[in-house]
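Order-wise, the sequence lines are chains A and F.
Quick note: the first sequence uses the numbering used here, first residue 536, plus one each step.
Quick note: the second sequence uses the numbering used here, first residue -9, plus one each step.
Treat each hint with caution, since some may be false.
Said to hold, decoys possible - Computed from the model, here is a short list of chain A residues facing chain F with C-beta under 8 Å:
| hint | residue |
| --- | --- |
| 1 | 620 |
| 2 | 621 |
| 3 | 624 |
| 4 | 625 |
| 5 | 627 |
| 6 | 631 |
| 7 | 634 |
| 8 | 638 |
| 9 | 639 |
Stated by the list, open to error - In silico DSS-like cross-links for lysine-lysine, where the CA-CA straight-line distance does not exceed 25 Å:
| hint | chain 1 | residue 1 | chain 2 | residue 2 |
| --- | --- | --- | --- | --- |
| 10 | A | 626 | F | 108 |
| 11 | F | 10 | A | 639 |
| 12 | A | 606 | A | 596 |
| 13 | A | 639 | F | 114 |
| 14 | F | 10 | F | 41 |
| 15 | A | 650 | A | 639 |
| 16 | A | 639 | F | 19 |
| 17 | F | 112 | A | 639 |
Everything labelled a hint here was simulated from the structure, so no lab data went into it.
Each residue gets a CB set at the ideal place from its N, CA and C atoms; glycine is no exception.
Chain by chain, the residues run as shown.
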Amino acid sequence: MEIRRDVFQAIADPTRREIIGLLAREPLNLNAIAENFDSSRQAISLHIKILTECGLLVIKKQGRERLCQAKFQKLNEVSAWVEQYRMFWEKRLDKMDALVYELKKEKKKIRAVTKSK
Amino acid sequence: MANIVEVTRIFDAPVELVWKLWTDPELVKRWWGPDRFTCPVAEIDFKEGAKSIVCMRSPAAFGGGDTYSIWNYTKIILHQQIEFIQNLGDAKGNKMAPTALGMPPDFPEDIRTVVVFKTLGKDKTEMTVTEYAEFGQISHFAQLGLEQCFEKMALALG
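Chain A on its own, in the form it takes in the complex:
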């Protein structure tokens, strides 16, 4: 069975979505995550492996603990409204560009008029 390691495949599973949801609040170790589910620790461990492989999760060592941390950069890529936000800003930048061009033209006109006096 081929397992696709892309983000959308990863979040297609409800348990994995819940794991990311938990980690959005704070980093947790495997046991702390597994406590929230009826599945076996092994099953949760596999979910974490898949999330790690597609870049949604990273495991960081803190002393003797291994904490799972959600990677928001990836989450953001997946989030539709973030894309909308970025488009919003790109459009604003386009408008600013046009504005700056206009302001420069006006400045030139004023300088030309002042010179000819």
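Chain F: place on chain A using the hints.
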């Protein structure tokens, strides 16, 4: 802390001119709204600790409603950096919860926005706008909307 959105543009203009786009209310009105939106109000009080109120008005086809944003300035370094916190609000400049304004529960609040200006030449300025969400905000998002958001996406992917 998580990066939400970062956009950059190089303008063929000195930094003094690009800076004015943020300080002059008549100029802010010209770029704040998205395509086909207008910006009828821009009350700019450009000082650290002060706030500006900007409004975007949707076209008649989208209902013609007004959406007010409040910018609370936290840091201003002349011709270098502008930092403010963005929130939705009312015409008087009071912050409002997005859900009270009909936004979905995962609509972000208290968005830290940083605008950085870099002079690349006499007539060249690079401007970068970054919007951040703090962990606390992401967890709010996670609690109320992440599941729904992902479910919708997963359904769309079939």
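Outcome of the hint check:
1. 620: holds, 5 Å
2. 621: holds, 5 Å
3. 624: holds, 4 Å
4. 625: holds, 6 Å
5. 627: holds, 5 Å
6. 631: holds, 5 Å
7. 634: The hint holds - residue 634 of chain A has a Cβ within 8 Å of chain F, the shortest such distance being about 5 Å.
8. 638: holds, 6 Å
9. 639: At 6 Å from the nearest chain F Cβ, residue 639 of chain A passes the 8 Å test, so the hint holds.
10. A:626 to F:108: holds, 21 Å
11. F:10 to A:639: holds, 12 Å
12. A:606 to A:596: holds, 15 Å
13. A:639 to F:114: This hinted pair holds, its Cα atoms lying about 12 Å apart.
14. F:10 to F:41: Distance of about 17 Å is within 25 Å: holds.
15. A:650 to A:639: Distance ~16 Å between residue 650 of chain A and residue 639 of chain A Cα, so the pair holds.
16. A:639 to F:19: Holds: residue 639 of chain A and residue 19 of chain F sit about 18 Å apart, inside 25 Å.
17. F:112 to A:639: Distance of about 13 Å is within 25 Å: holds.
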